[in-house]
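A.B. asks: Residue strings, one per chain:
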Amino acid sequence: DQQVKQNSPSLSVQEGRISILNCDYTNSMFDYFLWYKKYPAEGPTFLISISSIKDKNEDGRFTVFLNKSAKHLSLHIVPSQPGDSAVYFCAASVDSGGSNYKLTFGKGTLLTVNP
Amino acid sequence: DTGVSQDPRHKITKRGQNVTFRCDPISEHNRLYWYRQTLGQGPEFLTYFQNEAQLEKSRLLSDRFSAERPKGSFSTLEIQRTEQGDSAMYLCASSLGTGEEETQYFGPGTRLLVL
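Residue numbers (the working numbering), protein chains in the order written: chain G, 1 to 115; chain F, 1 to 115.
Since the hints were derived computationally from the structure, they do not count as laboratory data. Remember, it's a predicted structure, so these values are computed and weren't measured experimentally. Hints may contain errors.
With a straight-line Cα cutoff of 20 Å, these simulated SDA-like cross-link-like pairs (lysine to any residue) come out [unchecked claim]:
hint, chain 1, residue 1, chain 2, residue 2
1, F, Lys57, G, Asp1
2, G, Lys107, F, Gln41
3, F, Lys57, F, Gly40
Construct the complete structure from the given sequences, taking the supplied hints into account.
C.D. replies: Rendered as structure tokens:
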């Protein structure tokens with residue numbers, strides 16, 4: 001049972017435009033969400049996170065939106081750059097005794113930014 | 001400041017052999033995690049340490065797998081009697097261990113191929 005779903009395996013955008021990556025989850029106990037970027041042959045690199053008490057978090061070109069009622073989050077990248085081309089993973093965790101330790105990941109979305 | 005390091009980066013072994021991987025976390029981090037990633041999937045949680053104590057093991061971690069973190073610093077993951085289904089990327093991550101909503105930082109991974 002896939003608790004975190006990234007339904008788009010791939011996304012292609014033009015340089016300078018907005019990239020929107022989507023993620024849905026089924027476990028209503030998830031209360032912390034993260035986005036990671038992964039290049040081939042490297043480990044995932046942390047991008048941005050959001051707590052369930054917020055609906056938006058912004059860091060430079062990256063903004064994450066959380067819609068708890070829809071169990072949906074999205075990552076916006078504006079403007080997109082060719083160096084953003086990578087696989088993006090959505091991850092979620094549950095507060096277990098004061099610690100969010102087990103991340104549940106989606107399958108990832110391959111973003112290609114064309115010059 | 002160095003990030004999470006893993007050794008070796010690649011390992012090819014024959015079915016039935018034992019293999020051991022090492023992870024060195026970020027120096028001030030007292031939580032350490034192991035994940036496994038197979039082709040087309042996101043990383044899957046295997047186990048987690050708080051200092052030297054192993055606090056949770058996923059059911060993915062069969063009896064052939066053992067992880068240790070003897071002095072609360074580096075960790076090893078051993079797979080005994082490897083099987084072809086063990087072929088995957090093994091990722092290590094660490095976090096500060098100060099409480100909830102922690103960000104996990106990943107190493108580059110060890111890619112295992114079992115022939």
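A.B. asks: None of the hints should be skipped; say for each whether it holds.
C.D. replies: Hints versus structure:
1. The suggested pairing of Lys57 (chain F) with Asp1 (chain G) holds, with an alpha-carbon distance near 19 Å, which does not exceed 20 Å.
2. Restraint check: the Cα-Cα separation between Lys107 (chain G) and Gln41 (chain F) comes to about 5 Å, which is no more than 20 Å; the hinted pair holds.
3. In summary, the hint linking Lys57 (chain F) to Gly40 (chain F) is not supported, as the alpha carbons are separated by about 23 Å, beyond the 20 Å threshold.
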